[in-house]
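Student: Sequence:
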Amino acid sequence: MSAATAAAATKPSFKERWMPDRVTHHVRVLAWWVFVTQVVIIATGGAVRLTSSGLGCDTWPKCTADSFVNNPEMGIHSYIEFGNRTLTFVLEIVAILALIAVWRFRKQRRDLFWLTVIPVLSVVVQAVLGGITVWSGLNPYVVGLHFLVSLVLVVLAALLVLRVYTGPGPRKLAVSAPLLQMAWLAAIFGFIVVLLGILTTGSGPHAGDHGAARNGLDSEIVQTVHAVAAYGTLLFTIMTAYLARSERAYSVARWAGWSIVVIIAQIVVGVAQARLSLPPILVGIHMVLACLLAAGVFLALVETRQRVKAPAA
Numbered sequence: 062m063s064a065a066t067a068a069a070a071t072k073p074s075f076k077e078r079w080m081p082d083r084v085t086h087h088v089r090v091l092a093w094w095v096f097v098t099q100v101v102i103i104a105t106g107g108a109v110r111l112t113s114s115g116l117g118c119d120t121w122p123k124c125t126a127d128s129f130v131n132n133p134e135m136g137i138h139s140y141i142e143f144g145n146r147t148l149t150f151v152l153e154i155v156a157i158l159a160l161i162a163v164w165r166f167r168k169q170r171r172d173l174f175w176l177t178v179i180p181v182l183s184v185v186v187q188a189v190l191g192g193i194t195v196w197s198g199l200n201p202y203v204v205g206l207h208f209l210v211s212l213v214l215v216v217l218a219a220l221l222v223l224r225v226y227t228g229p230g231p232r233k234l235a236v237s238a239p240l241l242q243m244a245w246l247a248a249i250f251g252f253i254v255v256l257l258g259i260l261t262t263g264s265g266p267h268a269g270d271h272g273a274a275r276n277g278l279d280s281e282i283v284q285t286v287h288a289v290a291a292y293g294t295l296l297f298t299i300m301t302a303y304l305a306r307s308e309r310a311y312s313v314a315r316w317a318g319w320s321i322v323v324i325i326a327q328i329v330v331g332v333a334q335a336r337l338s339l340p341p342i343l344v345g346i347h348m349v350l351a352c353l354l355a356a357g358v359f360l361a362l363v364e365t366r367q368r369v370k371a372p373a374a
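Each residue of the sequence shown is one higher than the last, beginning at 62 in the numbering used here.
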């Protein structure tokens, strides 16, 4: 057998590559793409809001009353809004490819199956929320809900990435009660920080359109409470990392350590944007970091339960 023939014989077929019967490099790459696209669409959604392009397309599902796409006469805001809508199709394609990739071993890895089904179905939910956002004239609470759903999808996409690097099987608690409690507190405070951040943004100047309403809350008060919750999240996450290293729960410590870095970056950006009167670029960075923070503290909590390995034969 020639070298070319041998190479052809070992090269995976189209089905084996795109629909493998186990977790492969291809599956892991797609899991990462699911995560990246979920983060990117939050970043572009933030760009829509921070450039006052929220009503660049003034109706939904069409961009105008007569067309599904924008036109040059509508200006730059229509391109930004329409571009964000178009990115939804990219996200859906990536999610479908990930679902196809795990389809053949979906019974053995039900966790991967459901973690790929959710982003496929979520596009419909997000599209409807996007429509309600436009129809409501960018109501700050609807906009906040839209962002919150996106953040949950980022967290689940992060869990998908984690799971493609671990084996199947049941999991059990593998840490002490104090460490578990700290991990829960870090996750709960992280969630509270995000909610307060949504309310803070909803009370500030970045409405997504110059005529959009605000939620009427006192920005300074909400911002102060938001900052206190952020420092609380940092404290509990540091304690989580310390206890995890003490117990040699290195996977928990790794994600807690990553979260600490993100929280510190969040605090620096938060202070800077408050001092500089909320420049859009810093607000956008703050939004993306919020997603990474939520993913980090969630994965630290998830890793308090470890897979039960089958006994050796």
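These are calculated hints, taken from the structure and not from any lab test. Don't be surprised by glycine CBs; every beta carbon is placed ideally from N, CA and C. Heads up, some of the hints might be wrong.
Said to hold, decoys possible - Label pairs and their in silico Cβ distance ranges:
{"hint": "1", "residue 1": "E77", "residue 2": "I328", "range": "41 to 49 Å"}
{"hint": "2", "residue 1": "V322", "residue 2": "R275", "range": "27 to 35 Å"}
{"hint": "3", "residue 1": "S237", "residue 2": "K123", "range": "27 to 35 Å"}
{"hint": "4", "residue 1": "I342", "residue 2": "Y226", "range": "30 to 38 Å"}
Student: Now tell me if each hint is right for this structure.
Tutor: So, going through the hints one by one against the coordinates:
1. Take E77 and I328: their Cβ atoms lie about 48 Å apart, and the range 41 to 49 Å holds.
2. Restraint check, V322 to R275: a C-beta distance of roughly 33 Å satisfies the suggested window 27 to 35 Å.
3. Taking 27 to 35 Å as the suggested C-beta distance range, the pair S237 and K123 does not conform, at roughly 56 Å.
4. At roughly 33 Å, the beta-carbon separation of I342 and Y226 lies within the given 30 to 38 Å, and the hint holds.
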